[in-house]
Structures are given as structure tokens and as C-alpha cells.
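**Student:** Order-wise, the sequence lines are chains X and U. Per the UniProt record's numbering, the first sequence runs over residues 1 to 305. Per the UniProt record's numbering, the second sequence runs over residues 1 to 305.
By construction, these hints were calculated from the structure, which means they are not laboratory data. Heads up, the beta-carbon is just placed ideally off N, CA and C, and yes, glycines get one too. Misleading hints may appear alongside valid ones.
Where chain U lies over chain X, by a calculated footprint (3+ residues, C-beta under 8 Å) [as the list claims (entries may be wrong)]: (1) 201-212; (2) 238-251; (3) 284-296.
2 protein chains.
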Amino acid sequence: MPLVAYLGPRGTFTEQASRCLTDDFDAELVPFDAVSQALRAVRTGEVLAAAVPVENSVEGSVPATLDALSAGDPLVAVREAMLPIRFDVLVRPGTRDVRSVASHPHALGQVRGWLAEHLPGAEVRVSGSTAAAAAEVLAGEHDAAVTAPTAIEEYPSLVRLAEGIADLPDAVTRFLLLRRPGIPPEPTGADRTSIAAVIGDEVGALTELLAELSLRGINLSRIESRPTKDRLGEYRFFLDFDGHIADARIGDALSALHRRCSEVRFLGSYPKADRSPATVRPAASEQVFRHSAQWVDDLRAGAIG
Amino acid sequence: MPLVAYLGPRGTFTEQASRCLTDDFDAELVPFDAVSQALRAVRTGEVLAAAVPVENSVEGSVPATLDALSAGDPLVAVREAMLPIRFDVLVRPGTRDVRSVASHPHALGQVRGWLAEHLPGAEVRVSGSTAAAAAEVLAGEHDAAVTAPTAIEEYPSLVRLAEGIADLPDAVTRFLLLRRPGIPPEPTGADRTSIAAVIGDEVGALTELLAELSLRGINLSRIESRPTKDRLGEYRFFLDFDGHIADARIGDALSALHRRCSEVRFLGSYPKADRSPATVRPAASEQVFRHSAQWVDDLRAGAIG
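So that you can see chain X by itself, here it is in the shape it has in the complex (with noise of 0.2 Å):
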């Protein structure tokens, strides 16, 4: 059975994110402790695969991952999740009075509104994570754990004081199943694909970089910058977009960025979690780009009207 590694421990949203990617194949899921150690395993093929979380609505993007998958042997995103940020709050049963409660801040940060309205006297602590909180919380080191809803399996013999609470109701975070380089998967025609640019410290580069996406009438999805470590000024961007690698316009795409970049990483094409089909613009469509090809074939040949 194929492995795949996600970050642990187990009881958390990254298992759960992880079961999630892996329900079109038998797979076992091994708990690393930090997300570079969860790809050096894929990299050296330890494992098949890793999941990992990329960005959160409402914490952001993860810079763990995004410099991972920037540096090091090529690895590439095979397919997406999204998971809904809800908490589950744990407590030995029999729990009256709640005067601790644990979580990792992330999460902690995520249900502070909850907190105060619901348990406004618990004095709030912080664990290495939700499951490690849950872990506590069962060997009497605090009275309540804010977890994953996937913790009650791994602990069942805590119960629920509440179920489903986030300030932000709809919260999601994404994660993505990583591999070594392959043929990607087969366009779905609602797929998303991701990059990263190094592009250097010039005006309108940025500008050009992202023109040359929107005249090909792809839709940006998502855009963030993290400094090289290599040179001051210089500026790394993860861009992802509406299209497959497969796609004329996508190709075309990433061809010109290739030109145009001092360096570009192609971080894979996979559906999207949402399946929300790419509207793709008459000019853009594939009929079009084999024509617009073939016309310049032509005059190339001699052979116009």
C-alpha cells in the first residue's frame, strides 16, 4: 500500500485534509512533524506523496510549504482540497466547570469570538498542536481542548461540549497532494494550475508578467510574493490560475513566462476542489489557438486565403 505522508499528529485537519486527497486509492498515512520533512519523504521517495496545507482564509498562505515546495527537487501538486475551518471543543466526561483550555494558537486565533461568549472565565493555553492539546486534556493538564473534528476519533474518550464552532463560518483551508514530477493529471476542464516566478527588480515586470496571462484570457486565482533569499530586490511569486497545463492558452502561457523569467517551477494541474468549470473567452478556446497556429503554418508555406 502506497504511503503518504501528511503533518501530524494524527487527530488533526491535516489528517483529515489528507484521508480526503487519498479516497481514490488505498493508501497509509505516516505523521511527520514538520511539512519539509513531510516533501524531503516524497523527494527521496520514502513515500508517494504528501499533503499539505498551502493557505487558509483566514491565516493566509503557509510560508512552511510555499519555500519547501520552492526550493529543492521539483515536486508537483496532483490534486486539491478544501476544508472547512470548524472546531470541535473536547472534555473528559462528566466536565461541569471549564477553567483551562488548550489548542495551537492557529486555532485558538480561529475561535477567540466563541471563547469569549462561551467560556469567558477559561483561562486559554497553548499546546503544540490540537491533537497534543486533546492528549492533555485526557491526562487532566487542562479542562477543554479546542480540536479538530477528527480528534474524537482518535480520543474517544473525551466527548463534545460543542461541536461545528469557528467565528468565521466559512473558513476553509486548502491543501494539496504533492508528487514527484509526472504526467499530470487528465484535464477535467475545471482545473487549477500553480507556479512559482523569480522575475528581477525592474519596472513592470510584474506588469508584464501577469499581461501575458491576462491577454491569454486566463484567470488568476491567487497571487503572493516571498523575497529570494538569494538577492535582495528580487522577488519569488506563487501564482495560480484557472486552466490545465494541457490547455493551449495555459502552454502558451507558461512558455512566455518561461521567457520572461530569471526562473519559473511548474507546482503542477489538477482539478479544482470547488470543480467550478474555467470560463475560457471565445479568442482563448482551444479551436481557436490550433487555428491562429495554423494560419501563421500557412503563411509560412505560401499558402494565405
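Model the placement of chain U on the given structure of chain X, informed by the hints.
**Tutor:** Only chain U this time, still in chain X's reference frame:
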């Protein structure tokens, strides 16, 4: 011997240009009364090619040529010539007092300063062409004619009162040799490509069209709009830019314009008259284009890095 049409009569600038444009093959030059007639003779196969003026650095472009190029069967330019605009003043031998001077209105417009200074008392009269003015001087209708330098060969019984005159000494007229479509001339590294493109009446349409060129490092040397006769608010743009359709960056840009424009007509790739080599940015070189296309092919096949 192949026939080459030109805008007559004999002894004008266009005859001079047509000789220049056909100096690499034996051609019999045939004068036509109008550019449209000369181009029609190419389209029907009556003649092999036509030498026509397209623009003049004093008078601007030649609408008759642009219109005749954009309607009817496609024609393509295969050679370009730039003729300095210099005039002679011809008189009958023994003429002392010049009381009248005649020429084509365009010619008169370009020597107005010279006439005011050197023949201030002469009456200025309009003829149908510079050559016609010479014929009329020979017939005694006027005292002097402002003519092309070649006119003296047609009217050897006249003599030069002045030669090489022009108010603007650097003015030139640009001519093209047009043929029915065929394999374009070999690239020389100093080529020009001409097109006519129709874009709709939409915000940003022209900016985006120009961006398709600039993003590929293509240097525009001329742009001119003319309303199409079909629809109000719709324009046809005549564009000249450095490079040859055989160049990767030019073929790529033409494909993009074909996708974008409601109509685009290739008007030829041909050596520039001034032989100034195109400046190609490193990111737009043949090798970089080949390499970027190969990169995308490799990614699609799952072979990265």
C-alpha cells in the same frame, strides 16, 4: 520577361522606385494610371508584381495603396525601397526668364520654400504628374517643371535649371513591391513585417494588440488607423514591425493577433531598405523560444528538471 506594374506615367518617382525594386531580376516595367489598377493587374496575373508608394515622410501615407491592399485578394510585399525626395527643375534650352512653373501638387508642396526663394515671380501651376509637367514645358505651356530626377531621361531635350532641390533634405518616399502570396523571401536578419488588423470598438483593444507585440520584444515602426467602411467605430490598423514571419517571436505574435482581431491580413515579410538589423532582446531570441516550447512539452510529458 516578367511584367511589373507601376504608377505612371514614365519619368516619375514611382518609375524610379520600380527600377530600384526590380534591380535583381529582368523585368519589363508597365505604367498604370492608378495604384488600384496596378494591384488589380497583379491579382489577375496580368503582371507579376507592382511597385507602389506606401508612405512619404512629408505627405504621410498613401491612402489609395492602403485601401487597395486591404480589399480584394491578398497581396504581399516582397521588397522595400526608400527613395530620397529630391526634385529637378527642367526648362527648355535657352530659357532665361521663368514666368510659370508647373508640377504635381505633392511635388509643389515639397519645394514651396525653394520656389519662393529662387523663382519668386513665377506663377505656380498644377499638372497631373511631375512627368506631365515636363511634357507641358516641352510643348511650351509652362516655362519650368518640377520633376523627379529621372524625368530628364524621358525628356532629354529639356535641360536642368536646378537639381536635387527639396525644402526638407531628408524626406523620403517608401515603396513596396507587391506580389500574389507565396513563400516569403528568406529572412535576412534585417526584415520588416506588415499587417492590417481590424479590432472592435472596445476599451483597451488597441492597447492589448500592441502589448502582444511589445511583450514579445517586437519593435513597432509604424502604426496607422483607417476606419473600415463596414462598421462605424471599427478601425483597421496598418502596422509595420521589425522581424520576419519565419522568426519565432513574429510567428507567435501573429498567432496572437489572429486570435484577437476580427480580421488580420498578412502584408508580407521583406528585407528593410536600410538593412538595419533588428535588435532582438535575449528573451525573444529563436533559441529562447525553442527552449520555452520544449520546456512546456517536457512538463506535459511529465519530464521535469
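**Student:** Determine for every hint whether it applies to the structure shown.
**Tutor:** The hints, checked one at a time:
With 3 residues having a beta carbon nearer than 8 Å to a beta carbon of chain U, the segment 201-212 of chain X meets the requirement of three or more and the stated coverage holds. With 3 residues bearing a CB less than 8 Å from a CB of chain U, the segment 238-251 of chain X meets the requirement of three and the coverage assertion stands. Using a Cβ-Cβ cut-off of 8 Å, 8 residues of the segment 284-296 of chain X lie near chain U, which meets the minimum of three, so the contact claim holds.
Figure legend: structure checked against the earlier numbered hints; every hint is met.
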